[in-house]
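*Asks:* Fit chain B to the given chain A structure using the hints.
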Amino acid sequence: MATNLEKVVSLARKNSIWPLPFATSCCGIEFMATAASHYDLARFGAERMSFSPRQCDLMMVMGTIAKKMAPIVKQVYLQMAEPRWVLAMGACACSGGIFDSYPVLQGIDQIIPVDVYVPGCPPRPEAVLDGFMKIQDLVNAEGLRRRHSDQYKDLMAGYGIQ
Amino acid sequence: MTNETIQQKLTEKFPDQLTDWQEPYGMLTFTVPKDLNLKVLQFLFDDTELRFRFLTDLQAVHYPDNKGAELAVVYHLHNLVDNVRIRFKVFTDIEKPDVFSATALYSAANFMERETYDFYGVNFIGHPNLIRILNVEEMDYFPMRKEFPLEEQSRVDKDDEMFGR
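Chains as they are written, first to last, in the numbering used here: chain A, 1 to 162; chain B, 1 to 165.
Just chain B, with the same shape it has in the complex:
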């Protein structure tokens, strides 16, 4: 099963909807529109030849210059039987970052989506328990977004006398 056959099967099923086909370091990468992410995941899971049944990673990237599509949720899938990996990205607006949750299909997505919410603010619709996982619950900002200065002038947790700023 080569990248060409995977791409062919996907474009047959989702004609003209999957864009930006690339192969960085040999891993097939494409972009999926926001509404179709569950359908693509389900198709890659159910298909008897493709069999991408392992969700390796679910993360987000913040592109601050991409107005209208700042947050990219990245899914890494792995076909354990044929040892093929694949990646696809779902772009969403930072003002309303709603993406359908993959927890119904992959239980691994549960914690990974909580982490993505914790650090980027992506709201996963249908997630059973979307709360912060690694940061303190009282935090009101999303740390991994690229919108913070290098040194916050108003921080209170470090003693300026001792650490000389």
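Here chain A stands alone, though its shape is the one from the complex:
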């Protein structure tokens, strides 16, 4: 049930999402284009890209994640403070992409829970903005108590996160 406080908090949260650009490869460059002036990401509230997980809301994983990089992605995710969201940008982060091979992690959802998947190789900046807007919708619809619910705890337990 959306109370007035929830509406205000959701409005504030969704219009000021500070992303952590976990940019690994080509999608990182495409993200730089999205954040530049032509397809400005700052208009959606993502003015301050934080590279510290403690200070960000949204981790955007952009690029191929090798199996050697997987524990690092997980570590960065664990360091994020609640409420936190994850956006998987590009085919490699969603499912391993064209690299159907031994060193590549076949999708980051094998190690961390993902909220929005943006397909593409790389996705056009408009697609990234669309994914970002979907994150905004999720932030808006999320209640204040979701992170304390049993369902959420079970989700985290499924990934081995306390």
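Hints listed in this document are in silico derivations from the structure and should not be mistaken for laboratory results.
Take the hints with a grain of salt, since some may be wrong.
Within a straight-line C-alpha distance of at most 35 angstroms, the following computed DSBU-like cross-link-like pairs (lysine-lysine) qualify [unchecked claim]: (1) K14/A with K158/B; (2) K158/B with K67/A; (3) K158/B with K134/A.
Some chain B residues well away from chain A (every beta-carbon gap over 10 angstroms; in silico) [claimed, not checked]: (4) Q17; (5) K39; (6) H127; (7) L130; (8) E147.
Model, not experiment: these values are computed from the prediction.
For each residue, glycine too, the CB sits at the ideal point set by N, CA and C.
*Replies:* Below, chain B without anything else, positioned relative to chain A:
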């Protein structure tokens, strides 16, 4: 300094030990027996005319049909002053792939030998820290050897329902 003079100097120093002289695309290439790789490297480094003092690349090739000499470790050297490149190969058995490490002479060989170990399993004797460099440490096979089927049937990291095998 031409390929002929280099070949002549090498055959003077190492008579009858260096074989298979070729010049693909103009780069002199020869084969060195396994025990002599450091001596050849040192000679090419110290000689005042040859001066091959830059290790461009150190890699391996797996020839599965070459029984007894399956793994070839390939050294690419460059003479920066006269702009001459040279290549030599060291063949080793896949059962016991021990090759002397070039880290004492070239620091660049450190990471390159780790990569060669990681992907082909070549054991470099005398290397200070021979562990995997690009793959995960728990991996127990050597990926670039040509002994794997195209699609591994027992892989667990891809969801068959989603990717339809």
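*Asks:* Can the restraint linking K158/B and K67/A be considered satisfied, given a maximum Cα separation of 35 angstroms?
*Replies:* 13 angstroms, holds
*Asks:* Would the pair K14/A and K158/B pass a check requiring their Cα atoms to be no farther apart than 35 angstroms?
*Replies:* 34 angstroms, holds
*Asks:* Against chain A, does Q17/B keep a CB gap of more than 10 angstroms to every residue?
*Replies:* Non-interface label stands for Q17/B: nearest chain A Cβ at 39 angstroms, farther than 10 angstroms.
*Asks:* L130/B clear of chain A by more than 10 angstroms, beta carbon to beta carbon?
*Replies:* 17 angstroms, holds
*Asks:* Is the nearest Cβ of chain A still more than 10 angstroms from the Cβ of E147/B?
*Replies:* 14 angstroms, holds
*Asks:* In terms of Cβ atoms, is chain A entirely out of 10 angstroms range of K39/B?
*Replies:* For K39/B, whose nearest Cβ neighbour in chain A is about 36 angstroms away, the distance exceeds 10 angstroms, so it holds.
*Asks:* Does the no-contact call for H127/B survive, Cβ to all of chain A over 10 angstroms?
*Replies:* 20 angstroms, holds
*Asks:* Mind checking the alpha carbons of K158/B and K134/A for me, to see if they're no more than 35 angstroms apart?
*Replies:* 26 angstroms, holds
In this structure, every one of the numbered hints holds.
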